[in-house]
Each structure stands twice: as C-alpha cells, then as structure tokens.
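Undergrad: Here is what each chain is made of, one letter per residue.
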Amino acid sequence: MAEATHKRSPLADLAAGLAGASVPGRVSLAEEPFLAQIDLRGDAADGGFREAAGGVIGAALPLAPNTVAQGGRLRALWLGPDEWLIVGPEGSEGGIEAGLKAALAGRHVSIVDVSASRTAIAVAGAGAREVLAKGMGLDLHSRAFGPGRSAQAQLARAQVILEQVSGEPRFRLFVRASFAPYLARWLIDATAEYRIAGP
Amino acid sequence: MLLIPCPWCGPRDESEFRYGGEAHIGAPANPGSLSDADWADYLFMRNNPKGWFRERWMHAQGCRRWFNAVRHTVSNEIAAVYRMGEPPPPAPGPGREGET
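Just so you know, the protein sequences line up as chains Z and A, in that order.
Its first residue numbered -15, the first sequence is counted upward by one per residue in the numbering used here.
Its first residue numbered 3, the second sequence is counted upward by one per residue in the numbering used here.
Only chain Z is shown next, with the shape it has when bound in the complex (with noise of 0.2 Å):
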C-alpha cells in the first residue's frame, strides 16, 4: 500500500510539540489528522435536498448560522446559507462522497471532498477557552460558545474553523495544511503559561 505509506499529515513533525505542550487538568493540544471533510453546497430553501442530504448524514442540516448538527459518526457544520462542511472519521470521506452524490443525483449541487485542505487541532481542558481568546476577537464565554456552535473566524491571524465538540470544553480547530505547523507553534507559546510549575 504505497499511498499509507507515504500519508503523512501536516503537524507530524509537531505531534511531540503539541503533546509535550498539554498540561493536565489545564488544557491539552493535539492533531487530530485525516479527518474526512467533504464541502456540500445546495439550496436549503429546497426541502428535498434538505432531506436527501440530512438522510446521508444521519441528521438533519443545520440552517442556522454557525451550528453543528451531529448524526452517527457525521458532524455537518455550517459554513454558510447554502454550504456546509461534512466531518467524519479517517477514511470515510469516499464513502461520504458516494452515499451524497448518490442520494442527491441531478440536483443542483457541489459535493467535493476538501479533506486534504485542512487538519484539525484538538484543543481541550478547563484552559482551553482562555487560550484560544488570547488570539481571537469571538466571544468565547460559555453562555455564548457552547458544545454544537461553529465559527469561521481568525486565530492569530490565520483563518479557521472553530468547533465546540464537548462541554469539558473541548474544541476542534480545522486549519489550512500550510497554516497549521504556525499555529500549533503559536497554541504551544500561547499554553506556556500552564507549564510553569507552581508553588
């Protein structure tokens, strides 16, 4: 299998970085690499693409701006009115691909697989929140970015797509392959702090 062999995701070289970055309890940095991301485009004033669509993912598609829905092992994340990005785990995105542009045939749509666009960095712990606002001009707070809400917004002045997945918090940012070894040095500085062993 010469493709495995030569699969190697943006942030390998930084894995050790991220990981000798976390800090217990506080927050933890890790790649989360070859996500499948398929970029679905469609009118979701049309019921039946809504539905052909929502019946691949498992869930129906979020219409309101920057949510996520979740079904099965698929997050669909909004992108825009009419776009929405597919997330699955490694290795499904054929199948992604397949099950929509079967399940959506001769309608008018764009389904392309974008998996190799960008990575994904777990950030996660009690820090996670604050470590993120340190670059970004979102509000974070918990009462308004909760588990289930997205954004596309700047980090350190490098574009991303910021999801909350769980309440721990745990957050996932999906970066450009190009920007990401950046930006994982960037989250390695911004933790330094935690790493200061206390009193």
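There may be inaccurate statements among the hints.
[As the list claims (entries may be wrong)] Sample of chain A residues at the chain Z side, in silico, Cβ under 7 Å:
#, residue
1, Trp10
2, Glu16
3, Glu18
4, Asn49
Please keep in mind that the hints were generated in silico from the structure rather than gathered at the bench.
Where is the CB? At the ideal position from N, CA and C, for every residue including glycine.
Position chain A relative to chain Z; hints supplied.
TA: Coordinates of chain A only, in the frame set by chain Z:
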C-alpha cells in the same frame, strides 16, 4: 478596528472582512448603446459623501457572503446591515458627528 455586524455571523472584527465599495450600482440595462463617457461613469465614478454611505462588504474570513452596510464615513458608525437583495433601510438620522 471596526466591529462589523455580519448579517449571518454577527459582530466580527474588521480584519475578517473585505471592502467592496459603493452599493446599489446597477449594471447598465443596454450596454451596447452606452457611450464611452457613460461606461466610464458606470465603471469608475462613485459617490464620496461625508455622512451616511451605503456600501458593500464581504465576510472573507467567515461565511464569505457579500452584504450591504450603512456606514457613517466620519464616525464609522454602522447604522444597519442588510443582505444582498434586501431593500435598503430608510436613511438614518444625523450621525454622532452631526453630519447628515
């Protein structure tokens, strides 16, 4: 830094947006019959008021949607934002600087 309320995503930093100039410039209905002067007027000439200005913005780093905003060119106050295709809101009153 301006805080611009995207009609889809809510208030976001100005650095996430791209400016698109004056809004509501309609394409010529009959391009074939336009004189050079009319073309130049359509392509290049824009209002530059000291006061309220209806202009286009795009949330480039967010939802990537174009929308319109009513901004005061002196105070940078944003009185309203509205989505493409929606009718512009009525002209706001005087801005904070007392301009109209």
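Undergrad: Now look at each hint and say whether the structure bears it out.
TA: The hints, checked one at a time:
{"no.": "1", "hint": "Trp10", "verdict": "5 Å, holds"}
{"no.": "2", "hint": "Glu16", "verdict": "9 Å, violated"}
{"no.": "3", "hint": "Glu18", "verdict": "6 Å, holds"}
{"no.": "4", "hint": "Asn49", "verdict": "29 Å, violated"}
When each numbered hint is compared with the structure, violations occur for hints 2 and 4.
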